[in-house]
Structures are given as C-alpha cells and as structure tokens.
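Protein chains in written order, with my numbering: chain A, 308 to 401; chain B, 112 to 614; chain C, 29 to 526.
Honestly, I wouldn't trust all of these hints.
Residues on chain A that point at chain B, a partial pick, calculated with CB under 7 Å [said to hold, decoys possible]:
no., residue
1, His316
2, Arg320
3, Leu342
4, Pro371
5, Asp372
6, Thr377
7, Ala394
8, Phe395
9, Val397
10, Arg399
A short list of chain C residues far from chain A (calculated; beta carbon distances all over 12 Å) [to be verified]:
no., residue
11, Glu33
12, Arg54
13, Asp178
14, Ala286
15, Asp485
Pairwise CB distance ranges, derived in the manner of DEER restraints [said to hold, decoys possible]:
no., chain 1, residue 1, chain 2, residue 2, range
16, A, Pro371, B, Glu443, 33 to 43 Å
17, B, Gly384, C, Asp379, 23 to 33 Å
18, A, Ala332, B, Lys338, 26 to 36 Å
Treat the hints as calculated values from the structure; they're not laboratory data. For each residue, glycine too, the CB sits at the ideal point set by N, CA and C.
In case you want the letters, here they are:
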Amino acid sequence: MSTAHIDIHHVARLARIALTEDEAAQMSVELDRMLKYFGSIQDVALAIEDPAAGREPTPTALRPDVAGPTLDRAEALAGAPAHDGSAFTVPRVV
Amino acid sequence: MSLPGTWEAVIGLEVHTQLKTISKLFSACPVGASRAEDAATDAADAWMNGDDDPSDGVNRDIDPLTLGLPGTLPVLNAEAVDLAVRLGLALGCEIDHASRFARKHYFYPDLPKGYQISQLDRPLCVGGAVRAVIDGEIRKFRLNRIHMEEDAGKTIHDAKADVSRVDYNRAGVPLVEIVGEPDIRSAAEAVAWLKSLHQTVVWLEVSDGQMEAGNFRCDANVSVRHKGEPLGTRTEIKNVNSFRFVELAIDSEIVRQIAVLEAGGRVVQETRGWDEGSGTTRSLRSKEDAHDYRYFPDPDLPVIHLDPARVASIRAALPELPLARAERFSGELGLGAYDADVLTQTRERANYFEAAAVVSGDPKTTANWVINDLLGALTKAGLNLADSPVSPAALGELVALLGSGTLNSKLAKECFAAMMAAPADKPVSPAAWAEDSGGQLNDPIAIGVVIDAIMAKNDGQIAQYRAGKDKVFGFFVGQVMRETQGRANPELLQQLLKDKLAG
Amino acid sequence: MSHTELIRSPLVAQAAAVANREVSARALLEAHLTQIDARQPAVNAFRAVAADSARHAADHADALLAAGQGPRGRLFGVPVAIKDQICTRGLVTSAGSKMLENWRPPYDATAVSRLVAEGAIIIGKTNQDEFAMGSTSATCAFGAVHHPWDLDRAPGGSSGGSAAAVADFQAAGALGTDTGGSIRQPASHCGLVGIKPTWGRVSRHGAIAYASSLDQIGPLARTVADAALMLEVIAGRDMNDMGSLDAPVPAYSALAAAAAADPDALKGLRVGVPTELMGEGNAPAVKAAIEAAHARFEALGAILVPVSLPHTSFAIQTYYLIAMAEASSNLARYDGLRYGHRAEGARDLEDLIARSRSEGLGPEVKRRILLGTFALSAGYYDAFYGKAQAVRALIRRDFEAAYATCDIIASPTSPVTAPRLDVRQDDPLAIYLMDIDTVMSNLAGHPSLSMPVALDDDGLPIGLQLMGPHLGEETIIRAAAAYEARHPFAGRALEGRA
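When you get a sec, could you build the whole thing from the sequences and use the hints?
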C-alpha cells in the first residue's frame with residue numbers, strides 16, 4: 308500500500324495536544340518517517356486463526372457484587388487543580 | 112398521527128438503563144442510585160442559590176477507579192453480567208459466551224479516563240425482540256443488540272458563573288444499552304415499545320427504571336420516506352426522559368422532516384434535543400462533526416467467557432413475562448384484556464392478584480376488588496402495594512366471604528375500609544370482622560319481621576306503591592337497610608318486600 | 029562487615045544480616061541514605077527519597093526484633109527502591125513527568141504492598157523516562173539519570189533510575205516496569221539482573237499504564253537469587269487485576285539456590301540461539317560476549333539449538349504500533365481536570381485540556397500519543413493497529429514453534445552497551461531499533477531475564493537475555509542461577525569504582 312501521511316493537525320486535535328506550527332511541522336516529518344517504517348507490516352501475510360480457538364475456555368472469574376471502600380472526598384479533591392469543596396470545577400462546558 | 116400522502120416514518124430506539132447492582136461495573140465502589148441523583152440536584156440548587164452545604168452527596172460514591180486515577184484497573188461485576196444476561200434471555204436474544212469490552216474515546220470532563228468502556232464488535236446479546244400491544248394486537252419489534260457499558264459522571268453547568276461542576280457519583284455505574292432495529296412506524300408505537308421495555312426491565316428486577324432519576328434514558332432515531340423507497344436521512348433525538356415527551360418529540364420531528372423535504376430541502380444528519388418550551392426538537396450538534404471514537408478492544412479486560420451452566424440457571428429462573436402472564440390471566444382465569452393488562456403492570460401487582468385469587472377462588476371478582484378498591488385506596492393513603500395493610504390472603508378471604516353470602520357488598524366495603532385503616536401490627540381479619548358485625552342477614556323470617564314493622568308505620572307509602580308509584584319501593588328498601596345496619600341480604604329483601612307489598 | 033561493605037552485599041545477605049541482628053535495620057538504612065546523599069547530585073537516580081517514612085519503618089522493624097517478634101518477612105529491614113511509574117501511597121508518583129509532578133496516590137500498587145508485607149523498606153522513588161517511554165532515562169522531567177560507572181553515559185531506560193540506584197548500592201533491590209525492555213535493558217547496561225515476568229504473573233494494579241497488553245512490573249537486583257526472591261514476593265494472582273494469572277507461584281528463590289548448587293543443573297538444557305538476533309546489528313563486543321556465553325552453556329552440559337524467529341524483522345513495527353496506540357488511550361486521562369498539571373489562562377475547556385497536556389507532557393510522549401492516535405483512527409485502524417495485532421500473533425507462534433525444540437532462548441539483551449548522554453540521537457526511529465532484542469518477549473507475553481556476563485572495552489556491562497515460554501520463569505531463573513554460580517560477573521570487581 309502507499310505510505311499513509313498523517314494529518315498532524317487533525318490527529319493533534321483528536322488527541323487534544325496543542326502544537327505550535329514549528330512543533331507540528333517537525334512532528335509531521337518525524338511521524339511520517341516512523342509511519343513509513345511501521346507501515347512495512349503490510350507486507351506480512353495475514354495471520355492464521357488463533358490456535359486457542361479450539362479449546363474449551365474456562366469461565367472468566369468475575370468480581371462479586373459487594374460494596375467496597377470509597378475514596379474520601381476531601382482526599383480526592385486535595386489533588387484536584389480546581390474545586391469548590393465538593394465538586395471538581397472546570398471552565399464552563401459549552 | 113397519520114401521515115399525509117405516502118409518507119412513512121421509520122423509527123429506531125436506543126435505551127440506556129442502569130443495572131440494579133450494589134457496586135459499580137468495574138469497581139467495588141458502591142452505587143448510590145437515586146439518593147445520589149437527588150443529592151446532586153439539591154447540591155446544584157443550593158450552590159446556585161449561594162448556600163454551600165458541605166454535607167451534600169456530590170462526589171461521595173467515588174474510588175480511585177471511578178476517578179480514573181493512574182494505575183487503576185477495571186474488574187468486572189458478576190451481578191451486572193447476570194442481570195444483562197437475564198434481560199437478554201427474556202427478550203429472546205442470543206447470548207455471546209465470549210463477548211469483549213472496547214474502549215470508546217472522547218474528551219469530556221465527566222469521562223474520567225478519556226474513554227468509556229463499552230462493547231462494540233462482540234456485544235453480550237444479539238438479536239431478540241420487544242413485544243408490545245398495539246391496538247389490541249401483540250406486535251414484535253426486532254432488537255439489534257444489548258450491550259454493557261459504564262455510565263459517565265455528571266457535569267452541572269452554571270449559566271451565571273464561568274465554571275461547570277463535575278460530580279463523579281454516576282461515573283462507572285453499570286448500564287445496558289438496548290438497541291432496536293428501525294421497525295417502529297409511529298410515535299405511538301415508539302411509546303408502546305418503550306413502555307413494554309420499561310415494564311420488562313422493572314419486572315425482571317434488572318433495573319429500577321426511574322426515568323426522572325435518569326436511569327432509563329431513550330434516544331430516538333427518526334427518518335421519513337415515501338412508502339417503498341429506501342431509508343431517508345435520520346436524525347437522533349437524545350435523552351428524552353418521559354414517555355409523553357418522547358411521543359411529542361418524535362411526532363414533532365416527523366412533521367419537521369416532512370416539511371423540509373416537501374419544500375425541496377434535505378434533512379441534515381444531526382443530533383437534536385427536545386425543547387419543551389417550543390414543543391419542537393432543536394439541533395444540538397451536527398453528526399458531520401461526529402466523533403472518531405477510536406474503538407479498540409480493551410486490553411485490561413479479557414474475553415468474557417460465560418459459564419454455560421450459569422446462563423442455563425439464569426434462563427431457568429426467568430419469571431413469566433408480563434405479556435405471557437396477562438394472556439394467562441385472560442385465558443385461564445377469564446379476565447378481560449383491560450383487567451389483565453392493569454394487573455400485569457408490575458410483577459408485584461400480578462403476584463398480589465394471583466395470591467388473592469387463589470384464596471378467594473374467584474379471579475374475576477378479585478380482579479375487580481384489586482383494581483377498583485385496593486389500588487385506589489393505596490394511592491389515597493400514599494402507600495405502595497408492598498406496604499398494603501391488606502394482604503393478598505386477607506383480600507382473597509374478603510372476596511370469598513362476599514361470594515358465600517356471608518357479607519353483602521355494602522358490608523364488604525365497610526370491612527375493606529376497616530382492613531385498610533388497621534395498624535400494621537393489628538391487621539383486621541375479614542372473617543372476624545364479619546362475625547363481629549353479624550355479617551349479612553340471610554334469615555327471611557328476621558328480614559320479614561323488620562319489613563312488617565316498617566310497613567306498619569307507613570300506610571301512606573304502601574298506598575302509593577299499590578297505586579303504581581314504583582319508586583316508593585326504594586324507600587322501603589332503604590328503611591329496612593337502615594334498621595338492619597345494612598346487613599339485610601339484598602336479594603332476599605327484594606323478594607320478601609315485593610311479596611309483602613303486593614299484599 | 030562494615031556498613032559500607034554491607035550495602036554492596038546482595039539483598040539476600042542484607043536480609044540475613046538484619047534477621048541475625050548483625051546490623052540494625054536503621055543502621056542498614058542509614059548506610060544506604062548516606063550513599064544516596066553522596067551520589068544523588070551526580071547520578072540523579074532518585075526522584076524522591078522517603079527518608080522519614082523509611083526511618084520510621086526501620087525503627088519499627090528494630091523494635092520488633094528487639095522484642096523477639098521479628099523478622100517478619102524475607103525482606104525484613106531491606107531498603108528497596110520503587111520506580112516512579114509505580115504507585116506508592118502518600119509518596120510522590122510522577123511517572124517521570126511534569127504532568128504528575130505533585131501527585132500522591134491514595135493507594136499502593138499491589139507489588140509494593142507485597143514487598144512491604146515481606147518487611148521491605150521503601151527508600152524512595154526512582155527517576156525514569158517519562159511515562160516509561162524511552163531507553164535512556166534522559167527524557168525524565170526531573171533530570172536525566174547518569175550511569176553510576178560513567179557519569180557521561182546513560183544507565184538505559186526507562187527504569188534507569190532503579191538500575192542506577194541498585195548498581196550504585198543506593199538500594200538493595202528495586203522495582204521497575206518493562207513494556208519493551210525497560211527493566212532488562214537498563215539491567216544490561218548497569219550490570220544487573222532484571223526480570224520481566226510473563227504478562228499477568230505480577231499484578232499491574234498500581235503500575236501507571238503505558239501499554240496495557242505489554243506492561244509488567246519486575247525486579248532489578250545484583251544477583252539472580254536477589255531477583256528471584258523479589259519476584260517470588262511480588263508475583264501471584266491479584267483480584268484487582270483481571271489480567272493477573274491464576275497460577276501458583278513457584279519457589280523461585282529456592283529453585284535458584286538449588287540450581288546454583290547443582291553441578292548438573294544445565295545438563296541437557298536446550299538453549300535456543302536465535303539466528304535473527306545474533307547478526308551484525310550487534311556491537312562486536314556484544315556479539316562476542318553472547319557467543320562466549322553460549323559456549324559456556326554448552327561447556328556446562330547444555331545443548332545449543334539454532335532457532336529462527338522469522339518475524340523478528342517486523343517486531344519493532346509491531347511493538348511500537350501497539351504500544352503507541354495503547355499509550356494514546358491510557359494517557360487520555362491526563363487532562364488536568366481531576367489531578368495533575370493544569371495550564372493557566374486557557375480560553376475555554378478544550379483549550380485548557382490541550383494546553384495542560386502540551387505543557388505537562390514531553391516531546392517523546394507527545395510523539396507516541398500522536399502516532400498512537402493515528403494508528404487507532406478511523407480509516408487507519410485495520411492497516412495499522414489491527415494489522416499489528418495480527419503480526420503479534422505470528423510472533424507468538426514463532427516462539428511456540430521454537431520452544432518445541434528448545435527450553436530457553438539466549439540472545440543479547442541489547443545490541444549496544446550504555447550510550448553516551450552527550451551524543452544527541454536526533455532520530456527517534458534509530459533509538460527504537462535498539463529495542464529489537466527485548467520487544468519480542470513483551471509481544472509474546474513471555475518471561476525474560478537479563479544477566480550481566482561481560483564487559484566491553486570501555487568497561488561497560490553486557491547483558492545476556494534468557495527468554496522462556498509462558499510461565500517459564502522457573503526455567504530461565506534456574507538457568508541464570510546455574511550460569512552465574514559458575515561464571516560470576518566480573519563487574520563485581522568494580523565495586524567501589526564509582
């Protein structure tokens with residue numbers, strides 16, 4: 308397949324990372340280069356079915372529905388960058 | 112609402128409902144349920160009014176995983192799986208014994224990890240159907256899937272200040288998402304679908320289904336087309352939290368879309384919300400701005416292999432569902448369709464009725480008493496059926512006493528009132544009450560004596576009656592009843608009085 | 029033995045000294061703290077030294093001993109360092125990042141609680157590459173770590189601080205994390221034994237996630253016996269981690285001791301020699317050292333078996349695509365809203381999140397998040413992340429086929445020895461390629477151990493990697509213990525060199 312090219316601004320937006328124009332330009336070059344190398348896995352023939360498929364699986368152990376300890380609210384808020392004593396506060400969501 | 116011309120509406124519904132568990136989906140953090148919801152609202156109100164109540168319930172049901180703290184890992188709740196399986200089996204779904212969880216990524220303050228753990232490619236349940244009664248007929252609406260996912264927290268916006276408050280009580284609460292195929296053709300059908308599903312989840316004790324508290328949420332996908340043509344562009348109406356608003360919103364959206372198309376425009380694929388004020392739907396955001404959720408299988412969670420024996424036991428323990436039970440009430444017990452429907456609104460009610468009917472031996476009369484007397488009295492007293500001072504057995508006994516003639520209907524109503532008024536530790540036994548009151552007077556001689564006594568004092572009325580004034584008969588009936596404290600057997604009284612007045 | 033000498037002893041010997049009351053826990057701790065004090069400015073192994081709490085714990089340990097109620101646990105009174113990536117309750121845990129500069133977890137990682145339950149004393153948190161992404165520990169937001177034997181060199185990464193601390197006698201042992209080699213490679217560069225367990229052997233609860241399907245916590249120590257003991261203590265099922273294996277924990281410590289004492293321990297052991305990893309990509313000294321190690325195995329009765337892992341040439345691509353994708357997901361939670369760094373003066377919520385992340389995260393982390401996001405994004409998932417998982421399955425099968433003919437596979441841990449810090453490597457990709465030896469076992473989920481076997485011409489350690497099949501820790505530990513008993517690492521002579 309032809310080499311994919313990363314739309315750096317689109318990806319940065321998806322990932323919520325702010326880049327300066329210089330950073331974006333540099334990242335774009337670096338990442339495209341990496342992608343070109345990583346993209347060589349397209350040359351690998353498709354994998355065969357998982358060999359584990361035939362075996363009878365053990366039921367997954369799940370957690371019993373019992374209430375456990377909570378985190379003290381004050382302790383939780385202590386690490387918060389902004390709060391009002393009971394809730395985490397953030398800039399108004401539009 | 113019937114549509115003009117060959118227009119047809121195509122509707123598919125998605126419901127998110129909170130599973131009735133003690134702890135959250137992926138951690139042992141307790142679920143506060145409605146308590147937390149109320150507290151959050153109270154707190155928001157208090158805060159906006161400037162009162163700071165430090166004892167509010169905001170951010171109490173949290174633990175490290177709920178907040179998505181670094182290093183925490185999800186551990187799946189067994190009961191949540193059982194409940195989801197139970198629902199899937201009841202609705203006739205195929206249960207995937209090797210389902211997978213996936214991460215759905217987006218950034219929002221109420222989503223602590225920056226992704227929601229949900230299911231994509233391998234949901235727990237596939238297929239199935241919702242059955243609803245439409246115009247007296249049971250109709251089957253196909254389901255696409257039911258999957259499990261965790262809920263997000265709540266962001267409480269303040270229009271005045273420049274902040275939003277985030278409460279994580281609800282973050283991580285277990286949900287199932289029930290996705291219907293677009294088999295629905297009207298808002299009325301949509302409401303019937305929703306009511307049936309709602310009844311089912313409550314019936315199965317899978318969810319509390321409290322719509323006002325937000326733990327039964329509906330999104331509606333609506334499009335229109337001319338009959339026979341391919342599907343039109345759909346819009347999504349989000350988070351409408353009452354049956355009434357769902358109906359209004361869907362109808363309004365259908366009308367809107369038809370108008371747009373008839374004017375030569377095109378329907379934009381977007382998300383819309385119900386605006387109560389204007390009575391219409393309003394655009395929230397364009398689906399063209401759709402999120403790229405970057406789904407991938409959650410590497411922290413293994414393939415969920417179900418124990419076939421456990422699934423089998425859940426299936427075996429399924430209760431008779433509402434529609435089937437209503438059919439049995441009509442078919443076997445001879446109730447009318449309306450009564451059967453009322454009595455199977457909740458499993459509790461159905462159980463109550465059936466237990467009472469077993470004791471009374473008369474399902475039809477028992478049904479009348481439950482529907483006309485009991486439910487009304489409970490509502491008036493502000494009580495739930497579970498707190499009824501009248502037990503099913505007691506009601507059954509009352510109906511039996513009425514049937515055997517020990518009580519007449521007037522006495523029975525008095526007895527019932529006494530039973531309702533009785534304190535919890537001293538319930539009234541109908542049999543005992545009947546005995547105390549003397550019960551119905553069935554002795555013709557005794558009744559005859561009273562009739563004679565009254566006739567002796569009322570020559571005038573006798574003369575009027577014999578002259579053809581039939582209405583006077585009622586005067587005598589009333590007098591005898593008064594004399595006998597309402598206990599006279601009405602049929603006997605009628606017969607004896609007639610004979611005696613005839614002369 | 030003086031306390032200065034005691035800190036240079038293996039962990040096991042230190043534990044015995046405390047248990048036998050040859051040294052008090054407090055004195056042992058102080059000797060380590062003195063070493064840290066002296067060396068921290070140059071080496072920068074530690075992010076935070078928990079002197080107060082450690083002294084408190086040591087005094088408590090001594091009190092128990094004095095009252096005849098000790099020792100409690102096989103690590104009783106032994107100072108152990110914990111990588112900054114691993115949660116320690118109340119003690120700063122930053123994953124080497126400004127994003128979490130002041131974050132104190134409200135809980136301990138399971139591995140940490142188990143060490144403490146065996147009496148270990150947590151002496152501090154060690155520096156590392158930011159969010160465990162790197163192989164030099166130079167991307168640490170709190171300063172690069174310097175190789176204790178040559179301060180101009182990197183100790184390796186990402187668990188460079190843990191490696192430097194142990195190699196420099198600042199701690200008796202340490203925990204690190206290994207996603208693509210981050211325990212083994214610094215162990216190799218610093219002349220230590222490092223173990224990456226089978227995925228799920230050790231609970232990941234409390235390990236700040238980098239790439240969930242690849243991460244494992246493991247020990248770094250100066251001897252095989254030390255590492256085996258630490259592994260035995262931290263391994264085992266944990267209900268807080270659904271990936272943790274429901275398999276009993278063998279007595280690794282006893283097995284190591286028995287193998288060391290058994291002259292026939294290596295007899296008949298089939299040692300796989302992986303063709304693809306023995307090539308010219310290795311520095312000449314490394315190639316020579318590993319070949320010499322192979323020869324020694326053979327001389328001790330092992331059978332060398334050439335094996336091929338045909339998909340080795342796709343391992344780096346596969347590893348990085350999966351690791352970056354999972355990292356982009358695991359790091360989505362760092363938005364500055366609930367904890368961690370929050371930017372000032374943002375326009376609105378979106379701006380706040382983007383700025384907080386950009387300010388709090390370094391360039392290497394950003395690179396990986398961006399590429400990872402891309403690999404998962406609409407239209408590219410199948411070709412990149414999806415394909416990488418498929419190739420991963422092929423790599424696993426390569427191993428399974430190989431283990432039909434051999435018991436363990438012995439390769440270099442790294443193609444090179446500790447690099448110089450002042451040589452700027454501007455090409456991230458070139459650095460990634462150095463991970464070729466180690467990423468294979470992360471991809472397969474298999475256990476792997478690195479042990480020092482030689483020095484190069486600059487006197488820098490060269491590590492031999494022993495890889496084993498699923499839950500094959502026993503086999504590689506026994507092989508390592510037997511080898512070490514007969515060929516103790518010459519680097520020991522360099523004690524006191526720093």
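Do the hints match the structure? See the list:
{"no.": "1", "hint": "His316", "result": "violated, 14 Å"}
{"no.": "2", "hint": "Arg320", "result": "violated, 10 Å"}
{"no.": "3", "hint": "Leu342", "result": "violated, 16 Å"}
{"no.": "4", "hint": "Pro371", "result": "holds, 6 Å"}
{"no.": "5", "hint": "Asp372", "result": "holds, 3 Å"}
{"no.": "6", "hint": "Thr377", "result": "holds, 5 Å"}
{"no.": "7", "hint": "Ala394", "result": "holds, 4 Å"}
{"no.": "8", "hint": "Phe395", "result": "holds, 4 Å"}
{"no.": "9", "hint": "Val397", "result": "holds, 5 Å"}
{"no.": "10", "hint": "Arg399", "result": "holds, 5 Å"}
{"no.": "11", "hint": "Glu33", "result": "holds, 42 Å"}
{"no.": "12", "hint": "Arg54", "result": "holds, 31 Å"}
{"no.": "13", "hint": "Asp178", "result": "holds, 29 Å"}
{"no.": "14", "hint": "Ala286", "result": "holds, 32 Å"}
{"no.": "15", "hint": "Asp485", "result": "holds, 31 Å"}
{"no.": "16", "hint": "Pro371(A) <-> Glu443(B): 33 to 43 Å", "result": "holds, 40 Å"}
{"no.": "17", "hint": "Gly384(B) <-> Asp379(C): 23 to 33 Å", "result": "holds, 25 Å"}
{"no.": "18", "hint": "Ala332(A) <-> Lys338(B): 26 to 36 Å", "result": "violated, 56 Å"}
This entry does not satisfy hints 1, 2, 3, 18, going by the numbered hints stated previously.
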